[in-house]
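Residue numbers (full-length UniProt numbering), protein chains in the order written: chain Z, 1 to 859; chain C, 1 to 229.
Read the hints as simulated data drawn from the structure, not as lab findings.
Watch out, some of these pointers could steer you wrong.
Just some of the chain Z residues that point at chain C, by a computed CB distance under 7 Å [as the list claims (entries may be wrong)]: (1) Thr537; (2) Ile540; (3) Lys571; (4) Lys619; (5) Leu620; (6) Ile623; (7) Asp633; (8) Phe635.
Once the Cα atoms are required to be at most 30 Å apart in a straight line, the calculated DSS-like pairs of lysine-lysine come out as [to be verified]: (9) Lys571/Z x Lys612/Z; (10) Lys183/C x Lys561/Z; (11) Lys550/Z x Lys561/Z; (12) Lys561/Z x Lys612/Z; (13) Lys561/Z x Lys114/Z; (14) Lys182/C x Lys561/Z; (15) Lys700/Z x Lys678/Z; (16) Lys59/C x Lys561/Z; (17) Lys801/Z x Lys678/Z.
The C-beta atom is built at its ideal place from N, Cα and C for all residues, glycine as well.
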Amino acid sequence: MLTNASEDADGPEGPSMDPTTMVKKLLLSPERIVCCLEARLAGPPGLGPGARRILALVQHADGRQRALFVLAHSVAGGTEVDIETVLPVTNDFICGIDTNGLDESDSHLYVRLKSPGGEPVTFAFPQGDITNSFVEQIMMSIEAALGGDHQFGWVQQYRERASRASDKEPSQPNQQTRPHTSHAQSSELDAGPRRAFSSGAPATTRETQVKFEMSRKEEAYTDIHQLSRLHRTKPVSDWLASTAEPPDIYAIGFQELDLSKEAFLFTESPKEDEWLTMVLTNLHPRASYRRVRLVRLVGMMLIVLVQERHAAYVRNVAAECVGTGIMGKMGNKGGVAVRLEVHSTSMCFVSAHLAAHVEEYERRNQDYADICHRMRFNALVSPKAIKDHDQVFWLGDLNYRITDVDVDKVKEMIERGAMEKVMEADQLRLQMAARRVFDGFHEGTVTFRPTYKYDPGTDLWDSSEKNRAPAWCDRVLWKGERIRQLHYTSHPSLRLSDHKPVKVIDPTKYRKIYEDIMKELDKYENDSLPQVSVDTTELIFGTVHFFETKTQTLTITNTGKVAVQYRFINKLNDTTYCKQWLTVDPHFSVIMPGERCEVSLEVRVDDRTASKLNTCQEKLYDILVLHLEKGKDIFITVQGDYVRSCFGVSINALVHIKTPFAEVPVSRLLDLESASPKELTHNPYVIPKELWFLVDQLQKQGIGKDLFGQSGLPAEICRIREALDTTLPETLPGSIHSVAEALLLFLASLPEPVIPNSYVVQCMESSDNFIQSKHIVSQLPPHHKNVFTYICTFLREVVDKTPPDRGGLEPTTLAKIFGGVLIRNPSAAWQQRNNMSLETLDRRKTTFVYHFLVNEIDI
Amino acid sequence: MAAGPYNYSYIFKYIIIGDMGVGKSCLLHQFTEKKFMADCPHTIGVEFGTRIIEVSGQKIKLQIWDTAGQERFRAVTRSYYRGAAGALMVYDITRRSTYNHLSSWLTDARNLTNPNTVTTNDALTNPNTVIFLIGNKCDLEAQRDVTFEEAQQFADENGLMFVEASAKTGNNVEEAFLETAKKIYQNIQDGSLDLNAAESGVQHKPSQQGGRATTLTAQASTAKENCSC
Ligand SMILES: Nc1nc2c(ncn2[C@@H]2O[C@H](COP(=O)(O)OP(=O)(O)OP(=O)(O)O)[C@@H](O)[C@H]2O)c(=O)[nH]1
Ligand SMILES: [Mg+2]
Chain Z
1 MLTNASEDAD
11 GPEGPSMDPT
21 TMVKKLLLSP
31 ERIVCCLEAR
41 LAGPPGLGPG
51 ARRILALVQH
61 ADGRQRALFV
71 LAHSVAGGTE
81 VDIETVLPVT
91 NDFICGIDTN
101 GLDESDSHLY
111 VRLKSPGGEP
121 VTFAFPQGDI
131 TNSFVEQIMM
141 SIEAALGGDH
151 QFGWVQQYRE
161 RASRASDKEP
171 SQPNQQTRPH
181 TSHAQSSELD
191 AGPRRAFSSG
201 APATTRETQV
211 KFEMSRKEEA
221 YTDIHQLSRL
231 HRTKPVSDWL
241 ASTAEPPDIY
251 AIGFQELDLS
261 KEAFLFTESP
271 KEDEWLTMVL
281 TNLHPRASYR
291 RVRLVRLVGM
301 MLIVLVQERH
311 AAYVRNVAAE
321 CVGTGIMGKM
331 GNKGGVAVRL
341 EVHSTSMCFV
351 SAHLAAHVEE
361 YERRNQDYAD
371 ICHRMRFNAL
381 VSPKAIKDHD
391 QVFWLGDLNY
401 RITDVDVDKV
411 KEMIERGAME
421 KVMEADQLRL
431 QMAARRVFDG
441 FHEGTVTFRP
451 TYKYDPGTDL
461 WDSSEKNRAP
471 AWCDRVLWKG
481 ERIRQLHYTS
491 HPSLRLSDHK
501 PVKVIDPTKY
511 RKIYEDIMKE
521 LDKYENDSLP
531 QVSVDTTELI
541 FGTVHFFETK
551 TQTLTITNTG
561 KVAVQYRFIN
571 KLNDTTYCKQ
581 WLTVDPHFSV
591 IMPGERCEVS
601 LEVRVDDRTA
611 SKLNTCQEKL
621 YDILVLHLEK
631 GKDIFITVQG
641 DYVRSCFGVS
651 INALVHIKTP
661 FAEVPVSRLL
671 DLESASPKEL
681 THNPYVIPKE
691 LWFLVDQLQK
701 QGIGKDLFGQ
711 SGLPAEICRI
721 REALDTTLPE
731 TLPGSIHSVA
741 EALLLFLASL
751 PEPVIPNSYV
761 VQCMESSDNF
771 IQSKHIVSQL
781 PPHHKNVFTY
791 ICTFLREVVD
801 KTPPDRGGLE
811 PTTLAKIFGG
821 VLIRNPSAAW
831 QQRNNMSLET
841 LDRRKTTFVY
851 HFLVNEIDI
Chain C
1 MAAGPYNYSY
11 IFKYIIIGDM
21 GVGKSCLLHQ
31 FTEKKFMADC
41 PHTIGVEFGT
51 RIIEVSGQKI
61 KLQIWDTAGQ
71 ERFRAVTRSY
81 YRGAAGALMV
91 YDITRRSTYN
101 HLSSWLTDAR
111 NLTNPNTVTT
121 NDALTNPNTV
131 IFLIGNKCDL
141 EAQRDVTFEE
151 AQQFADENGL
161 MFVEASAKTG
171 NNVEEAFLET
181 AKKIYQNIQD
191 GSLDLNAAES
201 GVQHKPSQQG
211 GRATTLTAQA
221 STAKENCSC
């Protein structure tokens, strides 16, 4: 038990009585005083502390809940006190050191307290250990508290007494009490302290504040680095250690590192270690660091390190990747992220590389949305999305450019140092202002020169014939509380790439004590049973088209007294909790009493699921089992009507369909898809007409335009699908990149791939040999052979007309993209028997297709 | 919360099955709360109820799983049969269709409660699960659609225990739950129910605090006092 022993000499009221004794008299038996001390209300600016109050941290009989009691002397200088207000200490209670209106002569420590929904109130505490432990106790109580104050029933009776007390004759104002602290105002039950308490601007000495903060080790400096297109490891001197104080956390993001063909095609990259070593040898020399996590996806890498002394407080580390390139999986664009908790603050670092090209800002927005949507840290007890973190940092080659200003004008303004002026034409700023991307994020003022584009290894602007406008491609943005940016600079001395690294240092505060919420939940486990209500048990999605995304929300409200962990569980004999065309997010989580969780259910039929739905082998119907840990189960029914589409129909059926697909009756489709169709046309098409429409458009309009180098837009792909299903289109809607992706989707959706599954083992075994590969192709069923040679002929044309040195994709890259859709993996059993990893299979599929892109096809 | 303060020797898992609307949730509620719910919503999922009873001086905790009766959930509710020591199979004496479906419910109860046991239609090959047939809503004599005699005959032919009951008046409700427990207990005593078998649906002497039935194989394990449908 703590009491304030120090004598407050400037008080004219005479000696204080032990406050603990006074408070004790007012408490009902089960409540216990944790600590108690005397303090003063913060007075108006410059006038020092005001009236005396007693603060007591009181613990409820349950041993867990705590509340802060503010008491005032009934009569100035007397030994009687009245409860003035009671503030439940919930997990969103705020306790902070107030540094406003610093006054060097004032020796008090000013602490600002605020309960949710109430007015903040500031108290002046005498300096010393007693105050420090008192504040510490409050901090700990906040950490240990569960959310919401609805469980603080026991506080109510004290609050009632408080309001009665305030109706009484106001106490004699003493000399120092300002009129605005009079008892005459009634305490509001919920608001807690009187409004007047907060009106004074409190003061403290800077020294006190710094000492206090340091003793609590509240500050964490996070050092964030962003590097692009570094091609070589070269010792770089001090770019990671340019501040006097060593940072607590480093987050270092790389993009486009090691773009060797191997790295792009296959996930293993031996260079990873070299980069790591380069980082490790350049860290701040005045501290030692531990690696939290390294995550890499092709050319994107993120390294997070913490100082050794914090390592024990780092928890729940997880890393994930999201590829956003073409077909969403190439990994040449996208994001990698690391999340962690330091004490009680959760942080998420995302290192991203968004779509390139000046005019593609919408695709960059889409990439951002995609990364946010798909990045899920599923390894955690309750899976988290990026947005679920207290602090989120994005760093990366976001690729937004300067548009609508003449290149030379831009360069001229930069030379004058008018960076913010140029920034007005920055796509990212404009898109953020329109709230189309990075909503709610902040970025520091840009004072450094654009990071793009330099002649590699120089400080000279891009001098190639493209004469690209300089741009700030490399950026750092953040979102969250208590983040202050110290520096935002670029390192012009780093000349390894055509970008310049950007660096940000953020100090972020975190609280010292971390209590594992799960531990608290365990304690509660036996107190009562979980209860929830759901807003619906039937989600009806209506018509659903191929590749169209429809989302509905299920709201689960915890109506019970304990935290509920819910989880969607597998039904008997099922290996997943829902069908493949459905995504449930989050599919398990913890909900606190009185809180609710919005679960999004997203239906999307894609290449994996289309064919079975087309032939009615499956329906858009599923029953999910929503299971409450230690409680009941609720069945959630999901249904929709799938509109059949040419995507997911076999080659052999499509060549017999000459009308738009939507006009084909189900019975006819079922017949065509059956093992021995009864009604075949006499002169089937050589290849499916839909395939021809897609490729023809690409041939006419796409050659030379970075074909297959970028992903399409889902909305456009839907329109292309609609045109193919319902018409015999002259031209297809949407950009050439969307048509390209539609083509890949079309091939990926085929129930029987272009290289039928029965040929796959041969392909895998003879992929190194062109003669044998050709032989296999010559043996394919006629229409499959036609499709294969047709696609390869087209790809050869793409390669011939746009070689890599003129901006086209490497033939290996094209081969990898198409290998993945033309050939599927052999059975898992076969893979196991032959001990073949997915990477090896990928490589073989790529090699198989590669032959046909670089050799004459004469089958 | 029943688990803490009481001392009990066994936990028995029960399931209640039968067509929708026959009164399964009402029977459970009547048994645990001694109250009738006039407008009880359909069960969309699986609810739990518990009550501690006494058989031959032994305290037994019944953990009762009340399943959804709607046909469309049939495939899903099958997941919950596993490891039940007792099954209460309910029909509505005022609706013949609910009686006609009994044989299909019976097949599920026999096959799914002890999935590892080889089963035939001969009840004797699978004596582990005690199945109790309840003809509910016997307070509605005027609307009777199924006679007592034919149901009794069906029960005899299939080796089931049987009563007519009313969740509304409480008539025979207590009896059905207790008789089932007695029969299970008897099976334990004479050794025909092997407690060590993973699927027995019975747990012996749980630990004091929040003892969890490790022999219960389905997901939910502790239970709550009242039926909250
Ligand atoms: N008169 C009368 N009505 C009853 C009796 N038992 C249940 N009911 C009524 O029958 C209706 C259905 O009862 P429930 O207990 O919800 O039926 P259920 O078998 O749980 O139905 P599902 O949850 O859909 O499987 C309710 O309106 C009850 O009030 C009874 O013994 N007598
Ligand atoms: Mg029910």
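Evaluated hints:
The interface hint given for Thr537/Z holds, since its Cβ lies 5 Å from the closest Cβ of chain C, which is under the 7 Å cut-off. A cut of 7 Å between beta carbons decides the hint on Ile540/Z: the least distance to chain C is about 14 Å, and the hint is violated. The interface hint given for Lys571/Z holds, since its Cβ lies 5 Å from the closest Cβ of chain C, which is under the 7 Å cut-off. For Lys619/Z, the interface hint is violated, since its Cβ never comes within 7 Å of a Cβ in chain C; the closest pair sits about 12 Å apart.
Because the closest C-beta pair between Leu620/Z and chain C is about 15 Å apart, greater than 7 Å, the hint is violated. At its closest, the beta carbon of Ile623/Z sits 5 Å from a beta carbon of chain C; the interface hint therefore holds under the 7 Å criterion. Residue-level restraint check for Asp633/Z holds (minimum Cβ-Cβ distance to chain C is 4 Å; threshold 7 Å). Hint on Phe635/Z holds. Least Cβ distance to chain C is approximately 5 Å, under the 7 Å limit.
Taken as a hint, the Lys571/Z and Lys612/Z pair is honoured in the structure, with Cα atoms around 21 Å apart against an allowance of 30 Å. With a C-alpha separation of about 37 Å, the suggested pairing of Lys183/C with Lys561/Z is violated against the 30 Å cut-off. For the hint pairing Lys550/Z with Lys561/Z, the CA-to-CA distance comes to about 34 Å; that exceeds 30 Å, so the pair is violated. Between the alpha carbons of Lys561/Z and Lys612/Z the distance comes to roughly 45 Å, so the proposed pair goes past 30 Å and is violated.
Our distance criterion of 30 Å between C-alpha atoms is met by Lys561/Z and Lys114/Z, whose separation comes to about 25 Å. Note on Lys182/C and Lys561/Z: the hinted pairing is violated, with a Cα-Cα distance of about 35 Å set against a maximum of 30 Å. At most 30 Å may separate the alpha-carbon atoms for a hinted pair to count; Lys700/Z and Lys678/Z exceed this at roughly 38 Å. The suggested pairing of Lys59/C with Lys561/Z holds, with an alpha-carbon distance near 28 Å, which does not exceed 30 Å.
With a C-alpha separation of about 44 Å, the suggested pairing of Lys801/Z with Lys678/Z is violated against the 30 Å cut-off.
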